[in-house]
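Asks: With the sequences and hints as input, model every part of the structure.
There are 2 protein chains.
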Amino acid sequence: MKRTILVAGTMAFDTLETPFGKREKILGGSANFFSLAASNFTKVELSSILGSDFPKEHIEYMNSRGIGSSNTEWVDGKSFHWVARYEGCMNEAETLETHLNILPDYHPTFDDKAKKCEILFLANFHPEKQLHAIKEAQGTKLVICDTINFWIQNNFDALKEVLKRTNILVINENEVRMISKELNIMTAAKKVLSMGPSTLIVKRGEYGSFVCRKDEIFYVPAYPLQTVIDPTGAGDTFAGGFTGYLATSKDYNSFKEIKKAMLYGSVTASFTVEGFGIERIKTATMSEIQKRYDEMLKMISL
Amino acid sequence: MKRTILVAGTMAFDTLETPFGKREKILGGSANFFSLAASNFTKVELSSILGSDFPKEHIEYMNSRGIGSSNTEWVDGKSFHWVARYEGCMNEAETLETHLNILPDYHPTFDDKAKKCEILFLANFHPEKQLHAIKEAQGTKLVICDTINFWIQNNFDALKEVLKRTNILVINENEVRMISKELNIMTAAKKVLSMGPSTLIVKRGEYGSFVCRKDEIFYVPAYPLQTVIDPTGAGDTFAGGFTGYLATSKDYNSFKEIKKAMLYGSVTASFTVEGFGIERIKTATMSEIQKRYDEMLKMISL
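Those protein sequence lines, which keep their order, are chains S and A. In terms of the numbering used here, the first sequence is residues 798 to 1099. In terms of the numbering used here, the second sequence is residues 798 to 1099.
Wrong hints could be hidden among the right ones.
Going by beta-carbon spacing under 8 Å, a handful of chain S positions derived as facing chain A [stated by the list, open to error]:
#1 Lys961
#2 Pro1018
#3 Lys1057
Quick caveat, the hints were computed from the structure, so don't treat them as lab data. These figures come from a predicted structure and were not determined experimentally. Just so it is clear, CB atoms sit at the ideal spot from N, CA and C, and this is done for glycine as well.
Replies: As C-alpha cells, this is what we get:
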C-alpha cells in the first residue's frame, strides 16, 4: 500500500554557520526537507509558496522524485530566508535573521487531487493557516502536525484548535514543556495528549525521541554518527521518514507500525545532519536507510 | 551464581536542595548508594571510611542487607559532607560546599576475604587511591570504575593508569568529552575505549545511557517518571544495579548480559530519584525492580 502524503510548509533559503563551515542561501524549508525524506517511501504532494528567486530546477528535481508541485504557488518577490548559527554540540540553532519575504502570502488551498490525500503533514507555520489547511483537506484521515515556540507564545488559542484536530503531534521537548506549562517531561507529555492528539512524538535532538499514547511509550535513540555537519532539517526529515513509512503501512493506527515509523524517522534524519542543508538527504537511498534501520534495531534489542 | 562485589567509595552526609524541598545532612555517599542498589542482587563487601558522627545503625542496617563492613574504618572526626542544589529540570547538581573532613585519611586496604572478590567497583575518589585499590584486590577479574570532572582536570596522569586497568568505565557524557577532548560523543567514546576499558557506559541523566564496545552499542532510556524528587545517587545506583546483575550472571563478559545489566541499572536508578537521598532506594524490592525491568523492555521493543 502506498498512500500519497499531502504536505504543507515552507520552501526557503537558509544561510547557515556551523563549526564545520558557512553556507549562503542554500535550499531549505521544512516542506523541502520533509518531502525529500518522505519521497524515499511514497509519493508526496507539496503545498507551498515560492518567490521568483527560487530555482525552478529544484522543483523539477522534486517532481522527478515523485513530489508533485501543482499545489505550489509562485509569486513575485523574494523567497523566505532564514539565517542561523550553531555552536559547540550544535544542539540548538541561534536564529540571526528571519526574512519572511513572500511567506505571509501563503494561504494553503488544495486542488481536488490533493484534497483526497489520506495523510496530511502540516510542517511548522501559522496555526490559523494550519487550521485552514486541515479544513481544506477534506479526504484526510490522518493529520500529523509540527509547530514551534513562536506560535506557542504568540498564537496559543489557534494552536489549541489545531491540536484538537491533530492525530499525531511531532514537536521537540521544549515545545512539549511550553504547551503544557510543565517541567517534568512525562507530566508534560500527558497534558499535551489531553489536548487533542492521540499520539505524541517528542524529539530530543542528539538524544533521539520517544512516542507516547495514553498507556504506551517507545524510545528511539538518534543514529550514532561521528560526523554531524549541520542539524538543520533533522526534525523535518525525521517527520518525513516517519510519515513516509506510515503511508506505506496497512494500519497506521497500530502502535507497532508507529514504532517502526519512529525508527525510520530517526535513521532518515541521520542522513540529513551529515551534510549542509539538503545535500546529504538528497543522495540517501532506500537501501542506505534500510541498512541503518537494521543496525538501529540491533542497538535497542537485547 | 552469586559473586560478592567489593566496592570502594565514600559514605557521606548530604545537604540537598531541590525544587521539592531541602534536607540537612541526610545519608549519602557513592558507596552507600551503590551498595544499597547492588544488595538487591547479591552480597556486597564495603570499603570506606566513616567519621565518628556517622550513625552506627545505618551500618547495621547495611549488614542486615548482606553488605559486609569489615573493610570499613571508623576514625575520629567528622564524615565527608557535601552540600548541593538542583534547579529547574535538575539535570545538574550545583555544588555549594564540599567538606572533605576525614576523607583524605581513606586508604583502601582489604582483608583476605575482600581480596578474593571477583568483581571490584571503584566509585569516584582519588585516582591514585583507585589505583592502589586495584593492586590490593588481587582476586579481581572485573574492574568497574567511575570518576568525575575534578580528577580529569587535576589528576589526569593517575586517572590514565586507572583506565588501563579498568574493564568497564561508567561515566557521564561530559566526562567522556573531557577525557577524550572531543565534542562528538561517538568520537569521544571511541577515544576513551582506546585508553583501556573494553566497555564504556555513558550516562546521560534523564536521557538514559548507552554502552559501547569497539563494534557494539546499546541504548537504554531512563525509566519514565512523573515524580523526580532528588537526582542524587542516580549514577551510583545505576552502577549498583548494573554491577549487581552482572555479579549474578554466568558470563559477565557477554554483551548480551551487559545489555541486560544496563536495563537493571536504569530501573534501579529510577527508584533512587523518587525520594531524597537513600529513602526510596532503601524500600525498593527486587520484585519492584523486576516489574520496571519488564516494562522498560517493552518500551524499547518493536
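Asks: Each hint needs a verdict: does it hold in this structure or not?
Replies: The hints, checked one at a time:
no. : hint    : verdict
1   : Lys961  : 24 Å, violated
2   : Pro1018 : 4 Å, holds
3   : Lys1057 : 6 Å, holds
In the structure shown, a violation is registered for the earlier hint numbered 1 alone.
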